[in-house]
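S.K.: One letter stands for each residue in the lines below.
Number of protein chains: 2
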Amino acid sequence: MSGAGDIHFPCQYVERTFTIAIDIGGTLAKVVFSPIDSQILKFYTIETERIQKFVKLLHSIIDEYNDGLYDNVRIVATGGGAYKFYDLLTKEFSKIKDIERIDEMQCLIKGLDVFIHEIPDEVFTYSDQDGAKDVRLPPEDSTQTYPYILVNIGSGVSILKVDAPSTFTRVGGSSLGGGTLWGLLSLITGAQTYDQMLDWTREGDNANVDMLVGDIYGNDYGKIGLKSSNIASSFGKVFQNRRNSVSRPNSSGLSDSRNNVAGPHTTSHADIDNRNKRFKNPDICKSLLYAISNNIGQIAYLQAKVHNVQNIYFGGSYIRGHLTTMNTLSYAINFWSQGTKQAFFLKHEGYLGAMGAFLDH
Amino acid sequence: MSGAGDIHFPCQYVERTFTIAIDIGGTLAKVVFSPIDSQILKFYTIETERIQKFVKLLHSIIDEYNDGLYDNVRIVATGGGAYKFYDLLTKEFSKIKDIERIDEMQCLIKGLDVFIHEIPDEVFTYSDQDGAKDVRLPPEDSTQTYPYILVNIGSGVSILKVDAPSTFTRVGGSSLGGGTLWGLLSLITGAQTYDQMLDWTREGDNANVDMLVGDIYGNDYGKIGLKSSNIASSFGKVFQNRRNSVSRPNSSGLSDSRNNVAGPHTTSHADIDNRNKRFKNPDICKSLLYAISNNIGQIAYLQAKVHNVQNIYFGGSYIRGHLTTMNTLSYAINFWSQGTKQAFFLKHEGYLGAMGAFLDH
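If you read the sequences in order, they're chains A and B. Just so you know, we're using my numbering here: the first sequence kicks off at 1 and counts up by one. Just so you know, we're using my numbering here: the second sequence kicks off at 1 and counts up by one.
Excised from the complex, chain A in its bound form:
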């Protein structure tokens, strides 16, 4: 089963209504549905900017799995796009009497709750050292799982504290999420796909662009527990090593503290080309993947600490089952909490919202 493969699902959820749940985020639009009379859940994703293609996908699902019939179809929508594209959707699906909309955070929590409690082999822990380890379903009516933190990483990041199946608070978030990683990397490397950038991270060595503690100290900074190999400054070697660095000391030989790094104010594509040759795409991709993942891990830990919560679930399409990403998130939680908090992942990490919308009936 791939990370977003079909799921066998308890039959009490199967009914004569053909429910299609959609979760339209900033970057990706997700679909969950179950063919009539089956116990299978199906999952699809398409880019939000291709909204017309997404509409076509929904029509083709109805054609293929509901014999092109619209009278028993129910569309349940969540995510920002449920609002932004509401007029478009009601026009395109005018044969369906109503498109229901449900709050995004509510859906995320509902979806996660079902993944944790009802889908076997869904939740797992991961570290490079120990590999992936499935987490067994908790015993029924267990209350041990609460409270927990959900960190949902899509284009941006939302952090929710969940106290009970439907009691939650959005405690924080960050604008440094998947959109930031892919946006910056595509700007710098010219890559057009996630897969290209993820492939590069596998080959890269971030030490070629990051400033490590050893680059500053020449060694460990033992007194505060920093190792020579720890990242002191992500991309800290880049500006330092730029071409034609110019400082302009005044006549006394003493340069002013604010002006000493001034130089020519023009740039050219030749400059950028030269720089991009010096710093390699794989190294850049690995560095930024580390930086964004570490940062989310740290903020997640701090929120868990502030709210005195032990278990942290990471969801959202940012993760994409990518091992380095999961290892970095796990490592950050373990490092900052000194092993007192635990990171969990999900095989259908991108479908929490759509799953929650699907089950909301």
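Since the hints were derived computationally from the structure, they do not count as laboratory data. Owing to the predicted nature of the structure, the values given are computational and were not obtained by experimental measurement. We put the beta carbon where it would ideally sit given N, CA and C, even for glycine. Please note: incorrect hints may appear among the correct ones.
[Said to hold, decoys possible] Calculated pairs, SDA-like style, for lysine to any residue (alpha carbon to alpha carbon, straight line, at most 25 Å):
#1 B:K305 - A:V73
#2 A:K227 - B:R101
#3 A:K341 - A:L137
#4 A:K227 - B:L88
#5 A:K305 - B:D98
#6 B:K223 - A:V73
#7 A:K56 - A:V73
#8 B:K84 - A:V73
#9 A:K227 - B:V309
#10 A:K223 - B:D98
#11 A:K84 - B:I224
[Unchecked claim] Pair ranges (Cβ atoms, derived):
#12 A:P139 - B:I224: 27 to 37 Å
#13 B:Q310 - A:G222: 55 to 65 Å
#14 B:F124 - A:G5: 53 to 63 Å
[Stated by the list, open to error] According to the in silico footprint, chain B covers these stretches of chain A (three or more CB under 8 Å from chain B):
#15 113–119
#16 210–217
On the provided structure of chain A, position chain B as indicated by the hints.
M.R.: Relative to chain A, chain B alone:
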């Protein structure tokens, strides 16, 4: 007086020894000294990678302010470079019997303590709305100032909790600091100077590259208090709007969730050129300045919350007296703490470590 101008300093610190304090960080090397018989402190900065130029600067200071005499000169060094370049420094200054080294964190705290308690007009608050407001010196032997948080933003970020003049803990840090901002921006824009990039931030509109809440929802997401203008994803518009976006549905018209964003795996400089024309340098600079500053502000707030501290001092050369940077840090502290915590800045923000080293006798 400019942000790093001379300081008139109480005479108890003036003596016959000519003390030169240096703080060699990952990116910048700072100097503080006081000419013999004067009550003036002087401040200089040069890039660490130009270490030979830095050595020359120290010799020229001795020439100009101590008549070229070395027998009464004392060099006190801190920062990672005090270790990394120790052999170089002892060789270059063999006429000086010893180069003393002091721990970086200890110097930061000592320097900040003196700036807070003894230098008038040094500490201030800032917001775009209220402008800069000087903070008056606290009454002597005041204990009101403790505990506080120091967020020192150089190439990377260190966060210290200070409980008393020489009692402190490094509670955290982040690799997303000044080195990250300048490194990424120089990679993307080709800029060779801080000033060029800071100039661009003044003209830029981050909404051209950032995905705002309104871009996702079409409006506010009122239920959780997010406004249409809030940044949901820094650089979230970039990957979305790349050229020639290709998805490859399979024959059924249903694309697989993991493969639907696959496209050609080649990139060219022409691609990068096209992208760089579409996204403007000023917009990119403003977006990343916001992203890094917001992020540091959020982590600083969370650390202050975890440790139950109200006052947060921001130091380090990242700030450079730049108003947008300070406003963003202040705004983040105010936003996340709902007005219960306060951000403070310093006119000599980059010299905490060097100042601490200077005073360590």
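S.K.: Compare the structure with each hint and give your call.
M.R.: For each hint, the structure was consulted:
1. B:K305 - A:V73: Not satisfied, since the Cα-Cα distance of roughly 49 Å exceeds 25 Å.
2. A:K227 - B:R101: Given that 25 Å is the threshold and the Cα spacing comes to 19 Å, the pair holds.
3. A:K341 - A:L137: holds (19 Å)
4. A:K227 - B:L88: The given pair, whose Cα atoms are some 23 Å apart, holds under the 25 Å limit.
5. A:K305 - B:D98: Judged against 25 Å, a Cα distance of about 45 Å means the pair is violated.
6. B:K223 - A:V73: violated (28 Å)
7. A:K56 - A:V73: holds (15 Å)
8. B:K84 - A:V73: Cα-Cα ~69 Å, so violated.
9. A:K227 - B:V309: violated (28 Å)
10. A:K223 - B:D98: holds (22 Å)
11. A:K84 - B:I224: holds (17 Å)
12. A:P139 - B:I224: 27 to 37 Å: holds (33 Å)
13. B:Q310 - A:G222: 55 to 65 Å: violated (32 Å)
14. B:F124 - A:G5: 53 to 63 Å: For G5 of chain A against F124 of chain B, whose Cβ atoms are near 58 Å apart, the range 53 to 63 Å holds.
15. 113–119: violated (count 0)
16. 210–217: holds (count 6)
Checked against the numbered hints given earlier, this structure breaks hints 1, 5, 6, 8, 9, 13 and 15; the rest are met.
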